[in-house]
Amino acid sequence: MIDVKSVLEEIKAAPYEEIEIKAPHTGIVTFEIKAPGGKVAAPSGTYLEKPGTLLASITRERNVKPLHALVSGEVATIHLELGGAFVEAGTPLLVLRHYLTKDEVVAAILKRVLHLFPAPERAKYYFIPSVDIKVKSGGCRAVTVKPGMELFIVSRMKREKPLSYDGPEGIIYAIYFQHDDNVEAGQPLIGVCPESQTGLIQDVVNRVHSDWEERN
Amino acid sequence: MDTEKRIAELSERLGYIRDIFGSRENANITLLESKLREFGERERLASPQEAARLLQQLEDLFVFLEKKLDAELSAMDVVRIVRHPQRVSLKDILENVYDNYTEIGGQDEYSIDPSMLIARAYITRRRGDKVHHQPVMVIGQEKGHGQEFRNGGSVKPWGNAKALQYMKVAETEKIPIHTFVSTPGAFPVEDYPGAAQQIARNLYEMAGLKVPVVSVISEGGSGGAEAIGLSDARLMFSHGYYSVISPEGAAAIEAGTRQGQRVPPELIGACASRLKMSAKDNLSMGYVDRIIQEPHLGARPYHYDFFKNLRQEIIRATDQVFLSIAGMKLFRAMVLGRHKDVSPADAESMYVRWSVDEAAAERLLWRRYRKYRCMAENAFVDSRTPASRLYSKVQGAVWSGYSFLRYDFLGKQERRLSKALGEVEGELRVVVDKMSAPLRKMTRRSGPPVCDAEKSRMLTELSQPELGACLEDWGWSYISPRAREDRAVTCPNMKQSGCPDLWAPDLFGDFAGVCSHCGHHFPMEYQWYLHNVFDVDSLHEFNAEIEAGNPLDYPGFPEKLEAAKKKTGKKSSCLTYEARIDGKKLVVAVLIAPFRGGTVGAAEGEKFIRALARARKRHYPFLAYVHGTAGIRIQESLNGLIQMPRVTMAVRRYIEAGGLYLVLYDTNSYAGPVASFLGCSPYQFAVRSSNIGFAGPGVIKETTGIDIPPNYHNAYQALTRGHVQGIWDRREVRKNLKNALLTIGGRNLYYR
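So the sequences go chain by chain: A and B.
In terms of my numbering, the first sequence opens at residue 1 and continues consecutively.
In terms of my numbering, the second sequence opens at residue 1 and continues consecutively.
Please keep in mind that the hints were generated in silico from the structure rather than gathered at the bench.
Please note that a few of the clues may not be correct.
Said to hold, decoys possible - Incomplete in silico selection of chain A near chain B, CB under 10 Å:
id	residue
1	Tyr47
2	Glu49
3	Glu61
4	Arg62
5	Asn63
6	Lys65
Even glycine gets a Cβ: it sits at the ideal position worked out from N, Cα and C.
Bound-form chain B, shown alone:
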């Protein structure tokens, strides 16, 4: 009976190996197959002792060859390991790593989103004779072992909202959070709260969580991973992957295939290795702190030693975060710092109190910000001279110093003084009013005030056309080159609204690209906004030397990048300016669609962060004008993806410093940036006829099978869902921005 069970296990292991290696021929697998078959034939004839010996030999061979095969794993094989139904899931981890747990808000399919699992768990530790239960909030995607209702770990927006809710609970209860990332990506629907919007909210809140977060990545699929992945310690399974896009998605983009068309498997495999998504790659690039070694060919639920190791690693990582912000840590930090010398039992035997006071929380947030700020710093090209770098550093220091003196040091006194003066003035006014009341009464009795007859006529009569009141001065400083074409243009709403054809010089000139009949906004060049929204000659570009690069040496990408640079005359898709609107200074970051679709990579993220820092130091409002963005630049993989949390943290820092962060979407804005540093703004506006969302219609159809209506991503739908706070006519952007600067947010703006 025991022999049969062991043979069944070996067959299962062989089946697993075949699944992992796909259709590839491999001599070792063939050998295992033949040996297993041979054993089946010989077992019947052999004596029980002989059969046991042969079986033992066969098991040893399996172990030996599994080790050998492990070294041969390609990037795509690792992806297959991660997606395999036998892969360890969060439930296995809860059962085997934690001492006890209670699942919160779900029991199998009875959950708001069964793909997001939340549990309160504890880890038991000893301090001398005393036993301590250290509570922790465990949050992670659950794929189950092939359970359909888990949706493959693809979390819906409300699942991410639930995760955020319990992160806040953990913050209230001051307990650490362990997140387990195991998702191929977020479920890209815009139903409330909306995929992009919720991930952005999660990132923004996680950037300020006052309790340590330790994340463990098994399958880190793009934005879905980031929704719970922002953390103080980032661990990764040795056979996991962490990438901006699935290899299939990257291959489809690379091959330029349309929906339903198949991509050659070789290209998918090539993309998997080009994206540098393995644990080793991510460790070397600095996006994970430590790799958790798995058994050969990946961890499965029966690998109990792996769970033991995982427990030690998680405890150690949590301890390290707490010690890094603790007041008293001397020897314990030293011991934990020496990973290689520490035996697994050490982490558990040493006691670290998992608690955070206010001062420690501040240190934690600063460390978290610094951790992400230092990521991807070498993934872009900085062509500034050493002198100009030094100059910009000195300039930053001067601004910080001035900002401190002017707004913090003197500003505090000034505010105190003006508050006191205001109180005194209020008191005096009451006294003066009372005393002058009899005098005012007498003046009123002497008759009503007389208004000048001419002035009265001017104020009450209708405008007079002969005086030029009806002559419109369009006054655009920049006219689109399309206005020079002598041709007619058809409005896309012609069928529904019956719009007449428009003459291009009228449409792209005077009408600013707006259909005079239905108000449809044709896409305009980003230069139109730069020159017509801001004060004339007020634009001053900075950090223009920061250049998009090819950090992963992605084949064929340098040529594409060069072509984009040549076409636009810009070095990245993010342009940063200091500008003025009606004399009010502000910092503007523009994502331009003509440069690689406005995609965001390391250079764009860096420029955005630097622009935010400049606005913070100078107490200027910040406007992110998104002319168009197609998402994160896939050829940069993690260097691009990490900009989601990285820039969101900088945005949070700016907003918390009292800044006003406005976002204005134009044309098409999708994916990563919308689901992070753009979507987290409390004040997001859209230009009419723009589209905003997480994934385009093709991707939604491909991943969810849902046919979405044609206007699904329309700005008005985004307004209805609560994603944007208003829709502006292009011709009124300047006026509305001016108004927004005067009426919305930001307590530390200089002009207030």
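Just chain A, same shape as in the assembly:
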């Protein structure tokens, strides 16, 4: 049994994720950020049409290519010594420290404590009618799943077939698919946890929502 509290403490100890930005290809690097510690912004706009902060540019064959930040946070490390130098593809240029948001913390905890049941193929997924009624009336946590239990209808190209649950017994804590939307193969459909742990997980999630301070 996973200790949910210790997972949270672990995240609290390092409430960020470090992303290393590497040179996508060879070229001469020009840093736009001049010192570590600077704040960077992620792509923004309704359609993420505004690029993130310009970190550096790499010139290859007189072609200047910008390198934008894909997440928000701050610059933890910057290899300024590479400025103006020719680098190979994959050379580390910067490390961005992205501070986790509440939703990211919750997602990280759930990812570790829940059993995720993945979609076997790209298709639309529905609960079988008896489960669907339960989900709609009492929420997903009203449903207890057992290995081998027929749980989903897989709908693809107008053909439908049943899909049985495979994994530990427990209740459905989270549903990751939307009605009438295609789910890619390998993406989680549901997250299951033992019934005894639901209260604990909910406590931690509530605590994250109330106490977590977002730094970005």
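Since the structure of chain A is provided, determine the placement of chain B on it from the hints.
Here is chain B on its own, set in the frame of chain A:
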């Protein structure tokens, strides 16, 4: 009680004056404020008779100073009058000008678009003892008095579609149309039917409406105004404005500000006066026929005398249009022609029948075409010598004469003859077939036809590389100068499609600016098309001497214009050619992006019209190749805006004469031209990766608050919306055009 009401009215009038003059300090306004305050203090102490006398004095002072303030109005003050919630709206006009009306297709917010109001109304007139109800279709933008659901009179595409529908109804019912223009501009969304596309449709249909249209302009904001503004008689309120762009928009362009940044109010005010948007300016430039005088500081719903005057003016204008196309008009036309001498009652007392027969409708359409054709004729520079002007006139006359003889006179006989010969040939063929049937049967029995073995091998085997079948000959006659640069180029779709970098000589040379991985089309020079699409050395430019000018003396514009001329070596953004594609002759008009963004002003419109006339006379197909256009040239204001209806009418004339009008969009095409003479073509195509729309993303965000997706104006979206009819690969433009010339439209093309 009466005194209180009168004081409240005066306070309201003062509030209105303050709104109109904005933050400007004015001694007269200060005086009114102090007098009103003073009256409030003195009224309490004075006797009722004395209070009444003082109030009367104060009212007289208001009238006097309002008159004085009216003379001080700046261009921006007029804009504020037009936008004020107290401004007369269409509903007020329907209530006070017409004798009765029924609103069609809407009741307040319950309408397909509450900003477009349509009503069937009638005007009652007497002929001797008889009373006549003269029906009319009233169409106009309704702002309401601050009603939010009216969207400030900014009509959505479906609102304009509704207006067009009822214009056609009026045509069926043969009743005149009165349009009331009161819009800051069209709502610039591309949702079906699309702002640009619908305005273009409206203009095209209005150009051929067989009933008189009288328009009254209060707030004529750009393309939105044109959607219902094309008319036979154009009246304008004295305190209205009619302009290609709002003063704020012009100031933002002038100052080069980005979205969200504020423009200094002084610059906005300066732009308002530079754009020459007032009624007087428009009358002097010939874009309106008559000004309807409003009360001082603008008409408000309680100005009943104004409505009376408006009624007379509208009746008179409608009468004049009907009389101008009527067979019998002698004295009535004379009386109506003398505006100044006619008392207001005269227009109503004189009876003119509002009906149109077929012959009158033809006269009406010709008059309408001529009216617009004569507009903006002095707004461009024609540097041709008198001899060359004479030559071109003679040439036009010869072409017209030849066209008449060859295609109308002889052509008719030829068609009749060939039809008769075709019938005879068909009959003969049946007889010959029947008679030769036994003979064919015998030949077939003698064995199957033998095919040459070598020929058979060649036809059935795959191509042989050693014979050069796989060697591609790009064969471009023009190579972009960018192909000379030794550098790599990144495709903008690199992230989504994983395109590798391309070497500029490959990309801009052999690949014709097309990404070899994803097919993205990089913008190319217009010369690339001129030299690679048309037959080599077949281009012959004409009317190159017609030059873009500065008709409004817009400050700072001559320098910009000179710079554009120097940069491109051209005199306007529209180039017109006679050209050939695979031997087939055609007329081509090109809007080039490097010249002021391909904007259209009076010179460009004139060149387009002349090119259409040439194609009509010579029975050539017409291609509008839009290398790029940013819209109407704002520095020319109405001289540019009027090209929307003006050129659309010429396009209609050409299409109705049996011509084939093709439009090909490249790079970015937006605003006025797309919403008129380009968008009205039934055959519009786009080069891949081009963008087509009404307003750019910044303007949409600014005016509607809607965030649009990045690919909103993409050619494929335009195809999905039904705006364009196909998307072509740049490398196949020549082939597709050749095919289009053979397969699409145009009954009077010489090569058919």
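Status of each hint after checking the structure:
no., hint, in the structure
1, Tyr47, "holds (5 Å)"
2, Glu49, "holds (5 Å)"
3, Glu61, "holds (4 Å)"
4, Arg62, "holds (3 Å)"
5, Asn63, "holds (4 Å)"
6, Lys65, "holds (6 Å)"
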